[in-house]
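Enquirer: So the chains spell out like this:
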Amino acid sequence: GAGVSQSPRYKVAKRGQDVALRCDPISGHVSLFWYQQALGQGPEFLTYFQNEAQLDKSGLPSDRFFAERPEGSVSTLKIQRTQQEDSAVYLCASSLTAASYNEQFFGPGTRLTVL
Amino acid sequence: QQQVKQSPQSLIVQKGGISIINCAYENTAFDYFPWYQQFPGKGPALLIAIRPDVSEKKEGRFTISFNKSAKQFSLHIMDSQPGDSATYFCAARSDYKLSFGAGTTVTVRA
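Top to bottom, those sequences are chains P and X. Throughout, my numbering is defined as the position within the first sequence, counted from one, plus 174. Throughout, my numbering is defined as the position within the second sequence, counted from one, plus 278.
Be aware that one or more of the hints could be misleading.
For each label pair, taking beta carbons as the anchor points, the in silico distance ranges come out as [as the list claims (entries may be wrong)]:
#1 214/P with 295/X: 44 to 52 Å
#2 300/X with 204/P: 17 to 25 Å
#3 388/X with 254/P: 23 to 31 Å
#4 290/X with 212/P: 21 to 29 Å
#5 192/P with 335/X: 41 to 49 Å
#6 229/P with 280/X: 21 to 29 Å
#7 188/P with 292/X: 44 to 52 Å
#8 336/X with 277/P: 12 to 20 Å
DSS-like mimics (lysine-lysine), calculated; alpha carbons at most 25 Å apart, straight line [to be verified]:
#9 283/X with 231/P
#10 283/X with 252/P
#11 231/P with 375/X
#12 375/X with 252/P
#13 336/X with 349/X
#14 375/X with 320/X
#15 320/X with 185/P
Facing chain X, according to a computed beta carbon distance under 7 Å, are these residues of chain P, among others [to be verified]:
#16 184
#17 213
#18 259
#19 261
#20 281
#21 282
#22 283
Hints listed in this document are in silico derivations from the structure and should not be mistaken for laboratory results. Remember, it's a predicted structure, so these values are computed and weren't measured experimentally. Positions of the beta carbon are idealized from the N, C-alpha and C atoms, including for glycine.
Chain X extracted, bound-state conformation (with noise of 0.2 Å):
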């Protein structure tokens, strides 16, 4: 059973243009929220991550948004870029262990 849900399953989105994605959870045990980026060929590598405590985190061009109450938390990429194509996965946290959503694959176009 998936704990974190994930959406859009894809998305493109012109250079310069916002892509945002979504992730729900149940789990109140969940205490750290990680995106991670994926390229083909490669293993995920941590890209920004928020606690349950800050509604915002912003790392450059990164944003999460995390909303308690609703269990929701999300990713919106500013100024995106060609070399942000990739697959996102948002994913929680509880102990050591990480639970992943199913991941959006993100296409930026020049």
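Next comes chain P alone, as it looks inside the complex (with noise of 0.2 Å):
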């Protein structure tokens, strides 16, 4: 796979749930980020790590959204006790270094519902 690839692709959850968002970036890249994307609306920057570490998750719009990068690949978006307004799709990019002018690679994302 070329690709970022997240799971799953789609996702319905009932209100309280918990849900687990996976992303897995490109092999070797450094830099991982997480999207919102409501529907009608542009991607809107949730958290960044870099490696395994947290740099910024400044847009995360509550406590019940947490992220982790343990090894520094793989990376999941966990939302908590989910509600109506946390239904949108999902996207998670990687990078290939910290460096700002580096492109942002997407992936499909996950839609996610809330019942």
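With the hints as a guide, dock the two chains, each given alone in a separate frame, to form the complex.
Expert: Structural data, given as structure tokens:
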């Protein structure tokens, strides 16, 4: 797989359930980003990892959102006690190094629907 | 608060025509301005990008025009093709963080 992969591609949750979304970045990419894309809107930054370190989590909407990247590769975005307003596409992106000029490559996203 | 304002929300163009999408920003810390193309069910893919020390960049049928003093930039799609039908997002970056516009859905009629 040459690109960023995400799983599951679709997730339906009942309000109050916990969900976990997975991102497999491009092999060797140091930087990893999570974005939230509401219907009809552009992606909004959630959080940024450099290797295993979470350097910026300023975009996480609430303390129900938690992200980790324990070995500096795969990342998981966890949402606890999901609410209807959490319904969105969650995009993961990776880039080769931490240098700001490096292109971010996006995965296909996970579409989360909270009923 | 949206840091990058994008217009129009949607546009329809005939095959062979020109599509123009406009964006404006306020934050002078932005130092890189990419455009992304997104097809349904896919993630955004980088189309073309420009730095603020350049006023225009052309790659094939796609051109970015950049006006630093007005804090505006635009994407021109020349000779539009049905395969160009997609949603286009402008973005602006400060350090590693990308701020996106709301998107423009372009429909090219054959």
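Enquirer: All hints are to be evaluated individually against the structure, with a verdict given for each.
Expert: Right, here's what the structure says about each hint:
Between residue 214/P and residue 295/X the Cβ separation comes to about 24 Å, which falls outside the hinted range of 44 to 52 Å. Between residue 300/X and residue 204/P, the C-beta spacing of about 34 Å breaks the proposed range 17 to 25 Å. The given range of 23 to 31 Å is broken by residue 388/X and residue 254/P, whose C-beta atoms sit roughly 48 Å from each other. For the pair residue 290/X and residue 212/P, the beta carbons lie near 24 Å from each other, so the given range of 21 to 29 Å is met.
The beta-carbon spacing between residue 192/P and residue 335/X, approximately 45 Å, falls within the hinted interval of 41 to 49 Å. Between residue 229/P and residue 280/X the C-beta distance comes to about 24 Å, which sits within the given range of 21 to 29 Å. Range check, residue 188/P to residue 292/X: Cβ separation about 46 Å, and the 44 to 52 Å hint holds. The supplied range of 12 to 20 Å is met by residue 336/X and residue 277/P, whose beta-carbon atoms lie about 19 Å from each other.
A distance of roughly 24 Å separates the Cα atoms of residue 283/X and residue 231/P; the hinted pair therefore holds under the 25 Å criterion. Distance check on the hinted pair: residue 283/X and residue 252/P sit about 30 Å apart at the alpha-carbon level, beyond 25 Å; violated. A distance of roughly 11 Å separates the Cα atoms of residue 231/P and residue 375/X; the hinted pair therefore holds under the 25 Å criterion. For the hint pairing residue 375/X with residue 252/P, the CA-to-CA distance comes to about 21 Å; that is within 25 Å, so the pair holds.
Annotation: proposed proximity of residue 336/X to residue 349/X holds, straight-line Cα distance about 19 Å (limit 25 Å). For the proposed pair residue 375/X and residue 320/X, the alpha carbon gap of about 21 Å is at most 25 Å, so the pair holds. Of the pairs offered as hints, the one joining residue 320/X and residue 185/P holds, with about 16 Å between alpha carbons and a cut-off of 25 Å not exceeded. Look at residue 184/P: its Cβ only gets to about 10 Å from chain X, farther than 7 Å, so that hint breaks.
With a cut of 7 Å, the hint placing residue 213/P at the interface with chain X is violated, because the nearest CB-to-CB distance is about 11 Å. Against a cut-off of 7 Å between C-beta atoms, the interface hint on residue 259/P is violated, since the closest Cβ of chain X lies about 17 Å away. Evaluation of the residue 261/P hint against chain X yields a violated restraint, the C-beta minimum of about 16 Å exceeding 7 Å. Interface restraint check for residue 281/P: the shortest CB-CB distance to chain X comes to about 5 Å, inside 7 Å, so the restraint holds.
Because the beta carbon of residue 282/P sits about 5 Å from the nearest beta carbon in chain X, less than 7 Å, this interface hint is met. Annotation: residue 283/P was flagged as interfacial toward chain X, and the flag holds, the nearest CB pair being 6 Å apart, inside 7 Å.
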